[in-house]
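In the order they appear, the protein sequences are chains Z, F, S, Y, V and C.
FYI, the numbering for the first sequence is 1 to 254, going by the working numbering.
FYI, the numbering for the second sequence is 1 to 254, going by the working numbering.
FYI, the numbering for the third sequence is 1 to 254, going by the working numbering.
FYI, the numbering for the fourth sequence is 1 to 254, going by the working numbering.
FYI, the numbering for the fifth sequence is 1 to 254, going by the working numbering.
FYI, the numbering for the sixth sequence is 1 to 254, going by the working numbering.
Mixed in with the good hints, there may be bad ones.
Since copy identity is lost for identical chains, a pair holds within one copy or between any two.
List of simulated lysine-lysine pairs, DSSO-like, C-alpha gap at most 30 Å [to be verified]:
#, residue 1, residue 2
1, Lys145, Lys54
2, Lys241, Lys168
3, Lys146, Lys53
4, Lys238, Lys36
5, Lys2, Lys53
6, Lys2, Lys146
7, Lys54, Lys36
8, Lys36, Lys146
9, Lys53, Lys122
10, Lys122, Lys2
11, Lys122, Lys238
12, Lys53, Lys117
13, Lys117, Lys2
14, Lys36, Lys145
15, Lys36, Lys117
16, Lys53, Lys36
17, Lys54, Lys122
No lab work stands behind these hints, which were simulated from the structure alone.
Number of protein chains: 6
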Amino acid sequence: MKISEIIDILEQYAPTILADEGDRPKVGLQMGNRHKECTGVVTCLDATLDVLKKAVENGCNMVVSHHPMIYYPLQKIDEDEVNGEAIAYAFRNDITIYSAHTNFDKCEVGTNASLVKMLDGKVVDTFECCFVAEVEPIAVGNLAKKVASALSDKSVKVIGDVDREVSKIAVCSGGGGGAFSYLNYANRNADVYISGDMPHHMYLEALGRDFPVIEFSHYASEIMAEDVFKSIIGDKVKVIKANQPCPFRTLEEI
Amino acid sequence: MKISEIIDILEQYAPTILADEGDRPKVGLQMGNRHKECTGVVTCLDATLDVLKKAVENGCNMVVSHHPMIYYPLQKIDEDEVNGEAIAYAFRNDITIYSAHTNFDKCEVGTNASLVKMLDGKVVDTFECCFVAEVEPIAVGNLAKKVASALSDKSVKVIGDVDREVSKIAVCSGGGGGAFSYLNYANRNADVYISGDMPHHMYLEALGRDFPVIEFSHYASEIMAEDVFKSIIGDKVKVIKANQPCPFRTLEEI
Amino acid sequence: MKISEIIDILEQYAPTILADEGDRPKVGLQMGNRHKECTGVVTCLDATLDVLKKAVENGCNMVVSHHPMIYYPLQKIDEDEVNGEAIAYAFRNDITIYSAHTNFDKCEVGTNASLVKMLDGKVVDTFECCFVAEVEPIAVGNLAKKVASALSDKSVKVIGDVDREVSKIAVCSGGGGGAFSYLNYANRNADVYISGDMPHHMYLEALGRDFPVIEFSHYASEIMAEDVFKSIIGDKVKVIKANQPCPFRTLEEI
Amino acid sequence: MKISEIIDILEQYAPTILADEGDRPKVGLQMGNRHKECTGVVTCLDATLDVLKKAVENGCNMVVSHHPMIYYPLQKIDEDEVNGEAIAYAFRNDITIYSAHTNFDKCEVGTNASLVKMLDGKVVDTFECCFVAEVEPIAVGNLAKKVASALSDKSVKVIGDVDREVSKIAVCSGGGGGAFSYLNYANRNADVYISGDMPHHMYLEALGRDFPVIEFSHYASEIMAEDVFKSIIGDKVKVIKANQPCPFRTLEEI
Amino acid sequence: MKISEIIDILEQYAPTILADEGDRPKVGLQMGNRHKECTGVVTCLDATLDVLKKAVENGCNMVVSHHPMIYYPLQKIDEDEVNGEAIAYAFRNDITIYSAHTNFDKCEVGTNASLVKMLDGKVVDTFECCFVAEVEPIAVGNLAKKVASALSDKSVKVIGDVDREVSKIAVCSGGGGGAFSYLNYANRNADVYISGDMPHHMYLEALGRDFPVIEFSHYASEIMAEDVFKSIIGDKVKVIKANQPCPFRTLEEI
Amino acid sequence: MKISEIIDILEQYAPTILADEGDRPKVGLQMGNRHKECTGVVTCLDATLDVLKKAVENGCNMVVSHHPMIYYPLQKIDEDEVNGEAIAYAFRNDITIYSAHTNFDKCEVGTNASLVKMLDGKVVDTFECCFVAEVEPIAVGNLAKKVASALSDKSVKVIGDVDREVSKIAVCSGGGGGAFSYLNYANRNADVYISGDMPHHMYLEALGRDFPVIEFSHYASEIMAEDVFKSIIGDKVKVIKANQPCPFRTLEEI
């Protein structure tokens, strides 16, 4: 099967038309050659050098990542830099990299849909990359523990009243913690907001509104993409999950 | 003593000329009246409504905060919004709010200088709000535990090799984790970078460079401002620390 | 009756959707608390400190102004500054300020509609904040005297031929004298343009086109807002007009 | 004498280097041919069609104006438009137009220096196009009458306390009434601000600051340019003043 | 016949609504007076001084050019500059200049339609100023010779494989060689791209794509506008072609 | 010898500090790995796929080009596109690409200095990438022939008077024909301007000024870079010239 055929299958699930406007040029084939025969796929969150090496070790010439590898436009490709080293390795080893980013966040089998499912919720509304879902009434503190357990995320934090019972949750996978518009939307449409990469001033805004927030790690909220990509294309081609580790360790893990 | 005199003393330590250009209009008297007699000061990280109430309860009509209260320019002041509620309360209770932000980050008694001291270091270089210091050789993991202990911060994370011995640290209080230029500077001039509010893609950049990073919480790295402000003006006027709590709770604190 | 109910009534007459795009964030509740019981309203052109004081003296906790009080976004609220002093006074005295600006200019009972009525005209066309109306044929000089008399405005000026008979007038309340697009529209659709705040180069443009212009004072053309606001809400709540004086004096009034 | 030689003389008095940056491309030879023999000059405030006709009637082939004729960059020159008609007339009649604008405002014999002199003041400071001068103590109302009389300006207005005695005046010829930075500078450095083209919201700012302002007409404050230009070049070439009339009439002049 | 009537006829063929958005203000009457009686027209590519002189010598008071005379907005009209000298000459000699630019490129009798016709093609598609047409199969080298011969253009260049047979051509009159979007469109929809003003990096792009390009001179590809304008209005008024020469000479023409 | 050492030698001749500001990020190591041992260098104008293949065929792992390979920042590297195919080939074959662009244009042994030498001139002034030189008096037509002969450029064009004798020439290698500021500088400081990539409206500007211009091909004016790079590093490492052909053919070369 050709790489372009694998892409066609992925895009049936996550059409590129769903991607945010600014994300559009980075979504799709990021690097490489769509016409080659696919010898196997490694699925991952980020196409890091370690992931590319795993592909080579396993005889796979395609990597499907959630995050685009070239995030900022390139003016040079110096192997002394992180991106340059990975790009060089990819070309030298004939690996083609494909990314499904905000189109995957929003699609029916994507990260947000997965999160809602892991929390036993039912989607009732969406706003860009933010999904609102209904769950059985639960205290915020217990919901935080459920999130931590479902995502195996030891770094979960809670902002606000842990005892308040909530039944409508707003979820945004990845780094939706910095988007004011998402917090606003969540506040108007849900009882609690669950997202990652949240800076200090957002904690204050949530506290000031008396609106509970649960923060997970960006990584933990999207690593299931490895599984989802595998489930989509696993019956067409050899697929290996990168089993990419969390990029940080908490105090107790040191 | 007049409020303006308190301000003069604070600005001897943290001259407003040190503030970043974009920060300039927000640094200094943020709200209120510099000509009133000061009846007492509450020092804090953020001039939240809770802090303002503590000022009133303690007969203080001045709040000295590290973060500017009006962070984004205002077009209306609606009491239904977080900022509006606090501004209204401040005016109704005759509280004047003064902020020392990036000028305080950089000054000799400021947040970064304090962090270096808490880690038993000696400043050898600075770059905007980032300080480089020399410390006794220590493994990154142990340094992370030292940071956690010094700041009473249970949320400390480590990115990269915990066993590597380091002796030159780059520290940026608050949310320096999102500034690529700081990571670059730290990477070129130190063995490890220590800062807060770090989004996922910075973890990857640090891992890709094999450059260790320790992430603390924005709050924990700056809450000592309460003490520093108190030490500067405590002998001139009644000063009460807000003892502002951390805005989030970790899993074990729920 | 709650302040929010007074707002609802005003917005039935001047829906915020009518406001210019750039004006949108400043129109509506400008400052204060919509949930309080309304103890009385002072209507005015500008919510100056004098107006706020009148509200307090008369036991009114709401001010309805035509011009938004926060015209330029605020980065600090220093009581040493004009805006800061008024904002502080408003909050200390629990006054809520509501503004209907360009939405009121354009609505059926608004400033432009009022001007046309005062000049015995009949609206036949509109363009943004500019209204075209038909009047009985009249010489430009006499029309200027009629404007001066209707608005009690001693500062009225005439540009161009005073003897020319006109029957189609274009009117723009406030400071429409600086908008080239309004002059153009008036020139194509009317015999004379009537507006305020006109800079020198607009006089030349009008003279060059041989298109007569009558300039009134911004104040005189909008002070009737005090009356209109009163007529709208006067039967629901105590309403006092500010009777705000003209901000300038002509030579003969010194 | 060649037109270029007349220009050289004018620029000894008002060097183009003094002009504001944005004004630079419009200052100097605005239209025509610097190499022709000068047959006479008409001096004026604005190079309107009437002024150009006066030049032709008097055998003059040069017009020296204070305001640049091409104020907004041109993309077409249609004789149906005000500017186009004048440009066409100028070329058809071989008239060269020269403008000294902000460089003339600021120079030693320019509009601001002239205004100070007419008010019996002595310049003590300058800021861009704003001059501060000391005068004999005088009440604001009387100063306004003196301005009106010196400039023959019936439209003079006063904002604020007419009885306050002032001795330090800030003057800005033309349309300095709309520049917030000038009001600020005047407020910090003088007792009263005198300028033209002042919109309504500046009246409020001045009233709020309790800072007196006198508003003259833009025209009246700069028409003396006709005389000054004449005095500079009158002994080298035939010079006729346009005696350009005020573009508006007040109520009593109708 | 009035000049405005000539304009009406031209705009029936090349409606200004067809012009590119940025081109809109420069298309139409560029300079002069539409109300005069037309004494004759000179048609040309560029309204240079030589062309204007030819108009005068032949008793014509109108010039119809393809390129707008005022290409960059004017801030002064100095006769020492190229544009200023021509504008002055035009007004002194009562010449009105009319331009049909991108509206003429795209219209049914315009430059692109003419080019297609000269190459015996049939238009099948259009994209902005680029026309795709079908021709009898021909080798690229022979097509280049045909272009050179049809346009009498000795400077024609070929990029890529001269022997490849092509039957679908994309043509863009004038300077379409610098527009990446045109090359892209041509590459997707035709076998060869034919245009002018092509910089070096476009040659490389074409070679890299193995997509043949033929470059003609901007002048040669549009000089037929002289004829087309004449054919449109020649029966209404005296029309003389400028017979404007090519602005450059090739080596063999020196 | 390491690639980084070759770079050091090149930058002694063409320091990157000389590069234009916008060109800075693209100058220097464009792609690859500076730490490898250099097995040979291919010098060229453009690092096209053909040039990269020549490097491989000749056992060279470094390409030194005048033009940067990544001219527009990249957001993806698709092998279906011209740039993507070349980048992939470079990495797969371990080729490192180094570019010296505007720094090389301006340096003492660079393209402009070379052009002046080929025309037997002596540099007397410089302005950005434009050099002024004195030559023996020569007619413009003959100078054009000399340029054509020196550069073996059959596409040379002449604009203006071929018989005029000139002795001061302004030269700008590459595509300086589109830069208005260069034409201005040349016109004020030299008798003739010599550059490439000249669009039609520049011809008109030159003709209107009666200022002669000679246009060469961008390629022909810079291909000598192959030789210069070789002469700089040829004694340190194996160096092969790409002998890159001209990207276009003239009519007589078809």
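Here is how each hint holds up against the structure:
{"no.": "1", "hint": "Lys145 with Lys54", "in the structure": "neither (33 Å within a copy, 32 Å between copies)"}
{"no.": "2", "hint": "Lys241 with Lys168", "in the structure": "neither (33 Å within a copy, 38 Å between copies)"}
{"no.": "3", "hint": "Lys146 with Lys53", "in the structure": "neither (34 Å within a copy, 35 Å between copies)"}
{"no.": "4", "hint": "Lys238 with Lys36", "in the structure": "within (15 Å within a copy, 35 Å between copies)"}
{"no.": "5", "hint": "Lys2 with Lys53", "in the structure": "both (21 Å within a copy, 26 Å between copies)"}
{"no.": "6", "hint": "Lys2 with Lys146", "in the structure": "neither (41 Å within a copy, 43 Å between copies)"}
{"no.": "7", "hint": "Lys54 with Lys36", "in the structure": "both (19 Å within a copy, 25 Å between copies)"}
{"no.": "8", "hint": "Lys36 with Lys146", "in the structure": "neither (43 Å within a copy, 41 Å between copies)"}
{"no.": "9", "hint": "Lys53 with Lys122", "in the structure": "neither (39 Å within a copy, 41 Å between copies)"}
{"no.": "10", "hint": "Lys122 with Lys2", "in the structure": "neither (36 Å within a copy, 39 Å between copies)"}
{"no.": "11", "hint": "Lys122 with Lys238", "in the structure": "neither (32 Å within a copy, 51 Å between copies)"}
{"no.": "12", "hint": "Lys53 with Lys117", "in the structure": "neither (32 Å within a copy, 42 Å between copies)"}
{"no.": "13", "hint": "Lys117 with Lys2", "in the structure": "neither (32 Å within a copy, 44 Å between copies)"}
{"no.": "14", "hint": "Lys36 with Lys145", "in the structure": "neither (45 Å within a copy, 40 Å between copies)"}
{"no.": "15", "hint": "Lys36 with Lys117", "in the structure": "neither (36 Å within a copy, 43 Å between copies)"}
{"no.": "16", "hint": "Lys53 with Lys36", "in the structure": "both (19 Å within a copy, 21 Å between copies)"}
{"no.": "17", "hint": "Lys54 with Lys122", "in the structure": "neither (36 Å within a copy, 42 Å between copies)"}
Checked against the numbered hints listed earlier, the structure breaks hints 1, 2, 3, 6, 8, 9, 10, 11, 12, 13, 14, 15, 17; every other hint is satisfied.
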